[in-house]
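A.B. asks: Residue numbers (this note's numbering), protein chains in the order written: chain A, 1 to 295; chain B, 1001 to 1281; chain C, 2001 to 2369.
No lab work stands behind these hints: they were computed from the structure. Note that this is a predicted model, so its numbers are computed, not measured. Mixed in with the good hints there might be a few duds.
As the list claims (entries may be wrong) - Restricting the straight-line Cα-Cα distance to at most 30 angstroms, the calculated cross-link-like pairs of lysine-lysine (DSS-like) are:
(1) B/K1171 x A/K176
(2) A/K163 x A/K176
(3) B/K1171 x A/K282
(4) C/K2007 x B/K1171
Claimed, not checked - Computed beta-carbon distance windows for the label pairs:
(5) A/F59 x C/F2023: 30 to 38 angstroms
(6) C/S2032 x B/K1171: 41 to 49 angstroms
(7) C/A2247 x A/I65: 55 to 63 angstroms
(8) C/G2095 x B/G1080: 31 to 39 angstroms
(9) C/A2127 x B/V1097: 46 to 54 angstroms
(10) A/D177 x B/K1107: 57 to 65 angstroms
(11) A/P88 x C/S2175: 46 to 54 angstroms
From the three backbone atoms N, C-alpha and C, an ideal C-beta is built for every residue, glycine too.
Here are the chains, one letter per residue:
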Amino acid sequence: MSITVFLQYCLAGISIGGIYALIAIGYTMVYGILRLINFAHGDIFMMSAYFMIFAMVNFMIPWYISAVIVIVSTVALGVIIEKVAYKPLRNAPRMSIMISAIGVSYLLQNLATYLFSALPKPYPDIPVLNRTIYLGEVSTSLVTFITPIITIAAVAGLLALLKYTKIGMAMRAVAKDFETAQLMGIKINSVISMTFVIGCSLAAVGSMLYFTPRPSVFPLAGSLPGLKCFVAAVFGGIGSIPGAVLGGFIIGLSETFIKAAGYSEFSDVFTFILLIVVLMFKPTGLFGENMTEKV
Amino acid sequence: MAKDMRENVLRLSDVTMQFGGVVAVNNLNMEVNRGEIVGLIGPNGAGKTTVFNVITGVYAPTNGAVALNEKTILENYPQGKMKTMYKGENAGKYGKVQLLSPDKITKMGVARTFQNIRLFKELSVFENVLIAKHMNIKANVFSATFMLNHREEKQMQEETMELLKLLDLEKNKDDVATSLPYGKQRHLEIARALATKPQLLLLDEPAAGMNPQESDDLMHFIGRIRDDFSLSILMIEHHMQVVMGVCERIYVLDYGALIAEGTPSEVQNNPKVIEAYLGVD
Amino acid sequence: MMTKKSKRICTVIALAALAGVIFCIGEFASTSSMLRTVLQLGSIYALVAVSMNLLNGFTGLFSLGQAGFMAVGAYTFAVLTIPVAYKPGVYYLYGVADALAGVSLPTWAGLLLAGVLASLFAAVIGAPVLRLKSDYFAIATLGFAEIVRIVVASSPLNRVTNGSLGLNSIPGYGSYYTPFFVVFICIAIMVMLMRSSYGRAFKAIREDEIAAEAMGINLAKHKQMAFVISSFFAGIGGALMAMYLRAITPTTFPVLLTYNILLIVVIGGMGSITGSVIAAFLVTAAKEWWLRFLDVPMVIGGFQVPLLRTGFRMVVFSIILMLVVLFWRRGIMGQNEFSWDGLCRLLRGERRKKRPGSKNSVGGGAVNG
Chain A
1 MSITVFLQYC LAGISIGGIY ALIAIGYTMV YGILRLINFA HGDIFMMSAY FMIFAMVNFM
61 IPWYISAVIV IVSTVALGVI IEKVAYKPLR NAPRMSIMIS AIGVSYLLQN LATYLFSALP
121 KPYPDIPVLN RTIYLGEVST SLVTFITPII TIAAVAGLLA LLKYTKIGMA MRAVAKDFET
181 AQLMGIKINS VISMTFVIGC SLAAVGSMLY FTPRPSVFPL AGSLPGLKCF VAAVFGGIGS
241 IPGAVLGGFI IGLSETFIKA AGYSEFSDVF TFILLIVVLM FKPTGLFGEN MTEKV
Chain B
1001 MAKDMRENVL RLSDVTMQFG GVVAVNNLNM EVNRGEIVGL IGPNGAGKTT VFNVITGVYA
1061 PTNGAVALNE KTILENYPQG KMKTMYKGEN AGKYGKVQLL SPDKITKMGV ARTFQNIRLF
1121 KELSVFENVL IAKHMNIKAN VFSATFMLNH REEKQMQEET MELLKLLDLE KNKDDVATSL
1181 PYGKQRHLEI ARALATKPQL LLLDEPAAGM NPQESDDLMH FIGRIRDDFS LSILMIEHHM
1241 QVVMGVCERI YVLDYGALIA EGTPSEVQNN PKVIEAYLGV D
Chain C
2001 MMTKKSKRIC TVIALAALAG VIFCIGEFAS TSSMLRTVLQ LGSIYALVAV SMNLLNGFTG
2061 LFSLGQAGFM AVGAYTFAVL TIPVAYKPGV YYLYGVADAL AGVSLPTWAG LLLAGVLASL
2121 FAAVIGAPVL RLKSDYFAIA TLGFAEIVRI VVASSPLNRV TNGSLGLNSI PGYGSYYTPF
2181 FVVFICIAIM VMLMRSSYGR AFKAIREDEI AAEAMGINLA KHKQMAFVIS SFFAGIGGAL
2241 MAMYLRAITP TTFPVLLTYN ILLIVVIGGM GSITGSVIAA FLVTAAKEWW LRFLDVPMVI
2301 GGFQVPLLRT GFRMVVFSII LMLVVLFWRR GIMGQNEFSW DGLCRLLRGE RRKKRPGSKN
2361 SVGGGAVNG
């Protein structure tokens, strides 16, 4: 493997890893606050891709305006899901709310099949992003190059938000102790909505970056990336944002190199084996906190 | 008190339990002799329930040993990260690691109740007690499924019924556990513990939330089961009236350390105990 | 209240009536009848749903690996039972592995081995995975199911599983009644298991792990047992599915299938075997039959009914499921089993004694009705 090819793979891996990181943040934040694996998150990511098709193909809106519309409508979808499917179950056993999340995932996949048919639909071409650029001898599309940059910027912004703003502080408090935070007068519902707003807007950005270099979208397109991003979140330690980002990059890179080595069939197997191994030896992930049940 | 005459059932030697940097139980030595009812008291957060969790195998002690009938069942010493973090005493005294899971310890004859009642909520009173009989089952899952062990099963059910009769829960046998009044739920939890045929019973605040009449009944009840089931009992309790009325010896814990031990009247007049409970002026 | 004897008679009569109905449909309904399909498919779903309930509802282990174990069972069955004469045709692209070329087992052996292999898989992955806490366990089992699917489709196994082409010419049911017979026996065994002392221990673990352990129940051992037994029956369910479909590919057993089964369990009531069985038939009938019309465009009096076209059925179906999950959390049966006392109460319009914090449910009464 020449150095150029190696760098090419590195860039591809970091790029896909960045997208995984953006989606993984959505998982990790929702889990941190609601202790819920949002099984529907991957499908929200898929729906977001269809929104883009709608905006650009059906309504012929230029891509930069479409991008804003997509982010807004994805956020709306996420917040509605939370209000309708998760909020009523807030005091229910954890199993119930997890089942509800699975139900939403099921509904979104069926809805997408109904609305857009099971056949793959071509993703609109955004010429600016697909332009090939050269970095020395390494050639790549612009989107591959800017994905990690966008990811890092988004994460930095998010961390600043959590650290310096009032809502950020409230979010951290709720993640630490849901009930006490509630007793301290934190408006739990707005914190949860905010979590979904952030998670879904990052998923929308991730969706644009993910599908731009890919040919098409289909109703099940979100489920496997969704699972992988959840693995990334677990790997980094669920509830930890830097952990999710690191997990995303590690999974993206290792997946790319496994594919490069000619085992593309097994790249997903690797992800899940990684998951099981991590859970066995360090269930709290790289940056997770230990939680013990009080007897 | 001729405590040396009685044989020893439970002995804790130099038990320290440290969570991260927090020492919850510090170098505790205590014992329970056969037939005794021993109290473990102390202000909130003194580490009493942690002691129970160590004895029953829920937590592995950081250092020290626990012996049942003079035979060591649990032993540990600070290792790994704990080696440098350890704040307790007697670190070099123990060099063996022997740990058991809670179910093994129950099988050795130590049963317990929980501070915040932990019944099998959706199951009937009868099933709650019957489940405790499962641990000694001889049939494997195959023969139990195909009812090849009907003799054994029948015996388990009969023993359960007898126990319910003895503890006045017979009338409620088909009720769902959570539908019982609070006091009965505590009774049921004790019944369930007794169904494991323990020699040592650990009661974690059995009188919590009871009115004076109920706690008075409970005192007699505890005395009665000690005699009927030839038990030794170690109990955590905040109701001083119950503790003083039923316990023969009392250990007082504060900030994880033993500050006093003795008969109820000795403990009552111990200045350290008064200080721990009321603070110093 | 009925006496024990009259209850037993009622049960026998009810079972005989049920067998009679299945017999009538088997003998007299036309072979293309939807009812026949629904009953067969429903019975397979009933078996897998009960096997999942054994874990999720009775032992409190939230497993999402059911499709994976079904795939193991289905492939085991298919690989071992495809008639020798058909093998060259089935494996026309890659050829068949030498060891398998001459193997064609009878159906019963195939079914049994399907269950055994699925439970072996469960035994191997159970040891590490069962130590995980609830939702981590769910995601690990889901991951396992995906691994199975990918490995089955992978090229090193081409000569066994035929890769992404899948297997066909799988022997079907010897008679219309085969699936009912197999499913009845399997579910009966699971009912007996849940009534045994081990079944009670499983329920204790569901109710409170810490208390169960304090009652001398070895958590690791019992969880492993429940996991292995559940997978055994899921494997048999997978084999029955393979027989029903006659052809399988790795995409026959997607995560969506697990979700499907889970939703059957939820609708029936987590922790109720009767509930799972009733729900399996209801859901299959609704999905495959009653709601079919939603997929077909309809014109009434020159007016095109809106929304009706391919895919609408599944949308309506998933909305119904969401409504159940949100507003009827205990499902049809809650944690209760069918009992004659419960039925009498229902017919007389009485409501059972309310449990604190729980909704009323049909049936009910003593668990050992």
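A.B. asks: Taking the hints in turn, state whether each one holds.
C.D. replies: Evaluation of the provided hints:
1. B/K1171 x A/K176: violated, 45 angstroms
2. A/K163 x A/K176: Holds, at about 14 angstroms.
3. B/K1171 x A/K282: violated, 49 angstroms
4. C/K2007 x B/K1171: holds, 24 angstroms
5. A/F59 x C/F2023: 30 to 38 angstroms: For C/F2023 against A/F59, whose Cβ atoms are near 59 angstroms apart, the range 30 to 38 angstroms is violated.
6. C/S2032 x B/K1171: 41 to 49 angstroms: violated, 59 angstroms
7. C/A2247 x A/I65: 55 to 63 angstroms: At roughly 48 angstroms between Cβ atoms, A/I65 and C/A2247 fall outside 55 to 63 angstroms, so the hint is violated.
8. C/G2095 x B/G1080: 31 to 39 angstroms: violated, 54 angstroms
9. C/A2127 x B/V1097: 46 to 54 angstroms: Violated, since C/A2127 and B/V1097 (Cβ atoms, about 22 angstroms apart) do not stay within the stated range.
10. A/D177 x B/K1107: 57 to 65 angstroms: violated, 37 angstroms
11. A/P88 x C/S2175: 46 to 54 angstroms: Given a distance of about 47 angstroms, which is inside 46 to 54 angstroms, the answer is holds.
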